[in-house]
Every structure is written in structure tokens, then in C-alpha cells.
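Here the protein sequences come in this chain order: A and B.
The first sequence maps to residues 1 to 486 in this note's numbering.
The second sequence maps to residues 1 to 486 in this note's numbering.
Hints are supplied without guarantee of correctness; some may be wrong.
In this list, chains with the same sequence are indistinguishable; a pair is considered to hold if it fits within one copy or across any two.
[Stated by the list, open to error] List time: in silico DSBU-like cross-link candidates among lysine-lysine, alpha-carbon distance up to 30 Å:
{"id": "1", "residue 1": "K27", "residue 2": "K159"}
{"id": "2", "residue 1": "K387", "residue 2": "K216"}
{"id": "3", "residue 1": "K391", "residue 2": "K478"}
{"id": "4", "residue 1": "K35", "residue 2": "K387"}
{"id": "5", "residue 1": "K216", "residue 2": "K16"}
{"id": "6", "residue 1": "K478", "residue 2": "K11"}
{"id": "7", "residue 1": "K289", "residue 2": "K479"}
In short, the hints are calculated from the structure, not lab data.
Number of protein chains: 2
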Amino acid sequence: MDISKKKSRPKAITPKGFRDNFHSYLKKREKVLQKVNRVYELYGFERLETPAVETVDALGKFLPDINRPNEGVFAWQDENESWLALRYDLTAPLARAFSQHRNTLHVPFKRYSFGPVWRNEKPGPDRFREFYQFDADIVGTSSFMADAEMCFIVFDVLKELGFSTSDYSTRISNRKILSGLFQAVKLEDATILSDIELVVFRAIDKLDRLGLEGVKNLLAKGRTDSSGDFTEGANLSAFQIDTIISFLKITNDDPYKTLEEMRYLIGGSEIGQQGISELSNITDTLLSKDIDSVSFKIDPSVVRGLAYYTGTVFETELSTATRSLGSISGGGRYDDLVSRFTGQKVPSTGVSIGIDRLVSYLYESDGDNEKGVVDVLVTVMDKNLMKHYIKIATEMRENGINTDLYVGNPKDFGKQMKYADLRGAAFAIVAGTNEIEADIVQIKDLKLGSKLADNISTNEEWKEQPAQFPVKREALTKKILELLKR
Amino acid sequence: MDISKKKSRPKAITPKGFRDNFHSYLKKREKVLQKVNRVYELYGFERLETPAVETVDALGKFLPDINRPNEGVFAWQDENESWLALRYDLTAPLARAFSQHRNTLHVPFKRYSFGPVWRNEKPGPDRFREFYQFDADIVGTSSFMADAEMCFIVFDVLKELGFSTSDYSTRISNRKILSGLFQAVKLEDATILSDIELVVFRAIDKLDRLGLEGVKNLLAKGRTDSSGDFTEGANLSAFQIDTIISFLKITNDDPYKTLEEMRYLIGGSEIGQQGISELSNITDTLLSKDIDSVSFKIDPSVVRGLAYYTGTVFETELSTATRSLGSISGGGRYDDLVSRFTGQKVPSTGVSIGIDRLVSYLYESDGDNEKGVVDVLVTVMDKNLMKHYIKIATEMRENGINTDLYVGNPKDFGKQMKYADLRGAAFAIVAGTNEIEADIVQIKDLKLGSKLADNISTNEEWKEQPAQFPVKREALTKKILELLKR
Chain A
1 MDISKKKSRP KAITPKGFRD NFHSYLKKRE KVLQKVNRVY ELYGFERLET
51 PAVETVDALG KFLPDINRPN EGVFAWQDEN ESWLALRYDL TAPLARAFSQ
101 HRNTLHVPFK RYSFGPVWRN EKPGPDRFRE FYQFDADIVG TSSFMADAEM
151 CFIVFDVLKE LGFSTSDYST RISNRKILSG LFQAVKLEDA TILSDIELVV
201 FRAIDKLDRL GLEGVKNLLA KGRTDSSGDF TEGANLSAFQ IDTIISFLKI
251 TNDDPYKTLE EMRYLIGGSE IGQQGISELS NITDTLLSKD IDSVSFKIDP
301 SVVRGLAYYT GTVFETELST ATRSLGSISG GGRYDDLVSR FTGQKVPSTG
351 VSIGIDRLVS YLYESDGDNE KGVVDVLVTV MDKNLMKHYI KIATEMRENG
401 INTDLYVGNP KDFGKQMKYA DLRGAAFAIV AGTNEIEADI VQIKDLKLGS
451 KLADNISTNE EWKEQPAQFP VKREALTKKI LELLKR
Chain B
1 MDISKKKSRP KAITPKGFRD NFHSYLKKRE KVLQKVNRVY ELYGFERLET
51 PAVETVDALG KFLPDINRPN EGVFAWQDEN ESWLALRYDL TAPLARAFSQ
101 HRNTLHVPFK RYSFGPVWRN EKPGPDRFRE FYQFDADIVG TSSFMADAEM
151 CFIVFDVLKE LGFSTSDYST RISNRKILSG LFQAVKLEDA TILSDIELVV
201 FRAIDKLDRL GLEGVKNLLA KGRTDSSGDF TEGANLSAFQ IDTIISFLKI
251 TNDDPYKTLE EMRYLIGGSE IGQQGISELS NITDTLLSKD IDSVSFKIDP
301 SVVRGLAYYT GTVFETELST ATRSLGSISG GGRYDDLVSR FTGQKVPSTG
351 VSIGIDRLVS YLYESDGDNE KGVVDVLVTV MDKNLMKHYI KIATEMRENG
401 INTDLYVGNP KDFGKQMKYA DLRGAAFAIV AGTNEIEADI VQIKDLKLGS
451 KLADNISTNE EWKEQPAQFP VKREALTKKI LELLKR
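So that you can see chain A by itself, here it is in the shape it has in the complex (with noise of 0.2 Å):
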């Protein structure tokens, strides 16, 4: 090695599909998870917080984009070469601790979990490796009461944000109806999707992306996307293209229109009709709510990505007057992920609401209209009078005010004044000698400050509105705190 090569600084960059956030987009987020947080204790639900790093093998394999690199996960090997992960999701992790923890925990188990999650994914403008989930899951029930919740859930969050009905659907169907249609089509007979199955539903899960026309592509010999790369289709038969068609067009406002319309399609398939039959009992509880407070369609199309759904799958697009946020949140039932540890049935469901959009679209919508931290700024006139600007610093902060003490270099004050503006500052302190010595400190008004700098004509109004005059010293915290409520 040359060591007299120098060595090359580091770039001062966040690894690609991370990024920063700042003060006042997380005052906002922690606002959004405040209401989130406080809609799912309404309902019951108790916290509990998995590490973000779990051993592969408990994770699973159940993203859809398993043909990447460490199947879209950031993995490593410990010391003992065995695999460890970022979690990918709240599900799986909630799958391993209900099965770890599971002889002191209560069944149902409700509980909420919000935090970051981690994908090894392509990143894209407006796609995260890192981004921000907030779930709610009930462990151990089948009950269709269990799903109709977590649509309920959501409903009240949105509302609780702002959004009305109007702005958002929740899309809502059923994976056994899917495999009833695979029947139905005759395509193979299992309960575990096959080769062929999975490509089926890959197609499907694709439709957002590529329309009717590409999923068609897709069930017949394959498609050749705009790069010119050619995708392997199923090859599927007209009529089972035909019909798996049919299904996906199905759309009605009245839901028992569409679920009658599925029940034809799928035939006398035992778990068609099964999930025909859940969906049936969810729509009815849903529909049993005040209809200005649901807002869900049964819809065929959803399948979601992940593998581990096993019944009903919903997910709720968000759409607002001004812009189309998409999806903001989904789930389902997952009725064999905590039997993966266990070996016993533990019938699951779950919701998961992406937090990142939501936050963005009310950062963006609402104007960043957060107060920024400082109330106050102490500047520091003169270094020996130290101690009398901790002790006015001191004091504010004993009385809830949020006190800036200038701990730059002091020589310039003009830039003291630039930074307390910079901070959005409402008040500075002002002490040189001749004021310490008479108890006196001068407060300088910053906001009609500048509002008096950009318009001086009214020299009255500075007369009677003063943008610094002196207060004694003693009487100064009661003063600001008078000027802050103002």
C-alpha cells in the first residue's frame, strides 16, 4: 500500500433510496402518528415492537420480487454464518414474536406496530428503501368481524386526518375466490399456489401497471415491454384467458352484484365458494355502518403482492381533488404465517398503512405551516456577561419557553440577528454592559421588526409598536410570555 497516497474523504451522501427528514416534516409526521396511534387504541389494540433485525429464516420468502439479488431484503451473516435481515414488513416479525411469546399472551392478540421498514428494492423518485409503516393485527381469530375491522380502522384514520369518503375506496376481495377460479379454469388443484398458478397471479397483481391488455399478454404466449425485454407467458387457453378476463373485468356499484357475478365464474369450486361466502359477511358488516363513514368496493382485480394472504385481501387507494396519492394501505388474512413457527393453526388478519405518502401529501397540502423550536433567541453581546445570559436562558426554560442562547462567535452581531431569523425566532434578548448595570434588557421583536423593515413609511406605528424597547430585567420572562400568547 502507498501510504503517501492521500486518503480520499468519504462522500457526504445517503446511501441510494435513503434520505434525511427534517424538523418540520417530522412534527408532522409524529402528528399523523399520533392520530393513527390513537384510532387503533380506540379500537383496542396494544403495542408491541419487534428489532428491525430478525434471522432470515423467520422472516420467510414471501416478497413479490423474489427474482433480485437477496430476494428484496438487505441480509447478512452473523458470526456464525448464520443470515440475518432488516425486516421487510411488521407481519412477519409479528408472526415470529406471537409465536415465541405465545404462552403468556392473550388470544385474540390485537396489537399495533409502526415503524421503518427496509426493502432491497430498485429505488425510484418517489420509492423508498426505507419507509414507514403503521399496522394493526388480530392474532388467533377467523372471524370476518376481525377483517371487517381492519377496513374500519382505516376508514377512521382517514377520517381522523382529514380525508372524506369521497377522497378514498378500499378495494376488497378474496384469494380464495382466486384459487376458485384457478379451479374453475382448470388449472392445477392446489391449496399452495403452483408454478403456473403463481404466474397467473403475478400477471394479475400487474394490472395497475399494464392494463387488461398487458395481463392478456401476459396469460397468453407473454409480452414485450417498451425496453424490448421479452416476459415468458403462461400460455394459457382462450377460454381460460377468456374467463380469468371476465373475472377481472367484473364491476358494479352494488357488491352483491359483483360477488353474484363471481360465484358464476368460479363454479362449484369448494373454496371459491368459501371465499365467496367470506366476503358475503364482510360486506354486510361493513354495510351495517353509517354510510357516510365507509367508503369499499369488492373488486376481483386485488391480490396483493406479498404470498402470505390467504383470504380476504383489501387495499385502500387515496385520491383527493388535487392529486392521486394511490395506495395507501393494505392487508388481509394470513392464516398459516404464525403456523410456519408453531405448527398449529393460527388464524391471522392485519392492516398495514403506509405513513410516508400520507405525511407528504398533508407536508405539502397543509403548506409547512409548523412553528419552528426557538421562541427566543439570548444573543451574547459581550463574553464576560456569560453568566447573566445562562441565567435569563435559565429562566425562560423553567418557563416553558424555547430558549436559544447564541453559542457561535458573538463578534458579529448582525449575524445573530441573521441566525435568531433563520431559527424563526419571535423575540431576541439584547444585554451589553449599560444594561446589565441599570437591570435592564432590551427585547427586539423580530417579526414586527420585519414587517416594519418592509414597510417604514408608517414611522407612527413604529413609534407606538416599538420593534426593541427595554423591560427591567426581573420583570422580563412574564413580559415575553405575555408577547408569545399574543
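Position chain B relative to chain A; hints supplied.
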């Protein structure tokens, strides 16, 4: 591959050194985080959140235990073969983030941040690989006032958490004084630690664990630990060892006396005298506050393990009447960490509070005094009446009552009551066909019920305060709100 072989089940277990956290612990943590957050904002810090994942380059190699695989971090290669890692603290990512966004940030930049950090260290009973830190940092000032503020913040946080100055003490020193000492005993003369200095430095850092005798051995020929393993020593001369040991032994109630004795031992070293002068300024500043709000000690043996510190270093130990928690906070000045990225010197200082130990302590000493999530359980007497139960639950929730609607198998009513108990519900709502027809519901007072069950002699009381009583359906929510206030 033998496909007849049964697929083995994954183990339901967190990776070694990781753990799950449950509701009441998390509620307690939430309260602690809020209090710390409040203090940081009172001091005018604003939040910045960096991702969990950084490039290994950006994180740098500053962990003390650099002889272990992966140098103490969890790291892996991404698809382009470049190394990524989980952050091991919140300071290195801050240096990266400040450098990345420096054109849009004000200086001094006061930021706080909290969240998990990860260390690939040997886990122990009270030593986890994922732990929570809450940091405050000021980037872009060399003022001793900034260092002092870090100490004030810790004092205020501990006060806010209910500790008194007799429960803790902050030990403060300065890396420059140590450099001065190295010059005085004629170890190599460099601003960056030489190999031999590094060995001496690590020996001193082990004082807590090994005692003076152990450190002495490491400064001399070496030390054999209890397992028989030998660690090669620094092979210093008797004069060098004696001087260093004398330095480490300096202790006085009067910080100025300690400073004087340190000054004497480092002799004419310029960097050492600079360290003394900085430490003296901080001492003046800390002593300018009310004596009942500060608790610190100048202690030459504080060095801190992380390699990025350049000046002031401090750590706070908490030891209440009932238990010693050890170090719960530490920090110091790192004037070269940002310049790794930018090439320009950006002096900075910061403090980190370890949240887990504090929460565990408060959780254990307060007892588990967090109330359960659920106020009311709506039981299911008859599945066909589900619509009515949903309506009741909805009404409760709209009135801010945390309400669990039973979603398990409703057949065994005793099981529902047991579930209500496990969830800590105060009341259960019971309504069968008779009640619904009569437009009433039964309220079961579960706390009173269990009290009465414990004390069945008081029949009179039972009559006056029955554990179950009917109310008109329309009066239900109002009644429950009243009862919950009781």
C-alpha cells in the same frame, strides 16, 4: 435435493442480542422520550432524522472494539459491491448529513435525534445489539459554552425524569489534556494518536473495569486475565507509568484543585495547557448555575471509547439509593468529524443519552403502573346481533372510549370474561336478544366484580353497588363516561 424431506420449521426467536418490547414498557419509553424531547426543544434544538443505513465509508471507523469482525457494525455489500452498514451511533450520521445539506443549514446547527442504533458486539444479559439513543449536537462552534450546554441538558433531563443531583454525577475531562500528558512523558508527539498512544489510551479507558492495578499492568509488560489470556502491554518506563497513574489518581472535591494538579503533571505541553484552559472555562460556566441543579466532577480518567473525540469529553453515571445504573449518558467535542467530508474544519460537540437503561429503571422502580389499553369490552352473546355490537363499539369509540369488540369465538362466554380480565378492561357490555328487545344493555363492572368475588361476605354492599346492572341503551355511553371518570 430430497423433496420428501419435511421442511424444517423456522425458530421463533429474536436474533441474539435483540428483543421485543411490549405495551407498558413502550408507554413508559414514550413518556421518557417526550420528556427528553421537551428539554432538548427548550434548549432550541431541532429534529433531524437520518436513515438506519449509511455507507460504511460515511460512518468511518471510530468504534473502540476494532478487533472484532466487521469492526463492531452490521455491514453488507449492496448490488454494486459497495458496503452499507447499520448506524452504530447518531453522531457519525449527523456529520454526514450536515456535510450533505450544509448549504441549506444555519450555523451553529443545533439538532436532536433519537432512535435505535446497532452494534455488532458480544451481547450480554444487559447488553443489547440494538439500543435507543437520544442525542443533541451543536455543529459549527468551538465555544466552550456549547460543551457546557451539553452538560446542562443532561442535568435538566435527569431532573425532568425525577432524579436529584445526589443521584448522578457528570465526570468531565478533555482529550487534549491526555495528549499533553503523553507529551509530558515523552510518548510520541503527534496530534493523531500513534499506535503506542492508542494502546495507552485503551488501557486508561479500561480503568472502570480493571482498576488501577490492571491499567498499570497494561501500561507495563501486559496483563493476564481471569481466563488466562494474556494482553501485551505498552512496555512503558517506570517514570512514564508512575506519571500516568498519578494523573489518573487525581481526585478532589474542588474542581480547580484538580485542574491545578493536572496542569502540574502535563508540564509545558501547549496542547495540554489548551485542554486545561477549555476545561477551566467549562467549570466556570457550570458553577455559574444554581448549585442544586448541577452535579459534576473534573476527572482525568474519563477518555470515552469513540475515537472521534478531540477535546472536552464527559459521561454521566446514575446511582440512586436503590440501584447503580452505571453510565447513562456521554459525549464530547469532535472537531474533525465533519471535515472528513468537507475538508473544512467544522468544530462540533454533542451528547447522547442512553434511553433503555433509564426506561428499564423507571419501569421497574415505578412498577408497571401503565393502565391497559382497553376501557370497555363489548361482548358477543349472539352472532346475529353483531350489527348492534358494532353500533355500540362505534358510539363508544366516537366518544373517546377505548373499546374492544370481542372477535374470538363467542361460544364460551366465560372465555370472553377471562379475555376482558387479561386485557384489563374496566367494564364489559353484555346484550342478548332480551336486552336488545327491551332496548337496554347490561354493564358489568369488572374491577368491582373481582373485588366482590374476593370479599363475598359483604352482601349489603353487593346490593348497593351491584357488579352488573342494566342501563337504557341510549344512556349507555354517557354512563360509561361517568363510570370511567369515577
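For each hint, the structure was consulted:
1. K27 with K159: Classified as both: same-chain Cα gap 20 Å, cross-chain 25 Å, threshold 30 Å.
2. K387 with K216: neither (77 Å within a copy, 41 Å between copies)
3. K391 with K478: Within. Shortest intra-copy distance 15 Å satisfies the 30 Å Cα cut-off; inter-copy 50 Å does not.
4. K35 with K387: between (43 Å within a copy, 26 Å between copies)
5. K216 with K16: The answer is neither: 35 Å in one copy and 48 Å across copies each exceed 30 Å.
6. K478 with K11: This pair counts as neither: shortest intra-copy Cα distance 48 Å, inter-copy 61 Å.
7. K289 with K479: Between copies only: 23 Å across chains, 52 Å inside a chain, cut-off 30 Å.
In this structure, the hints that do not hold are numbers 2, 5 and 6, in rising order.
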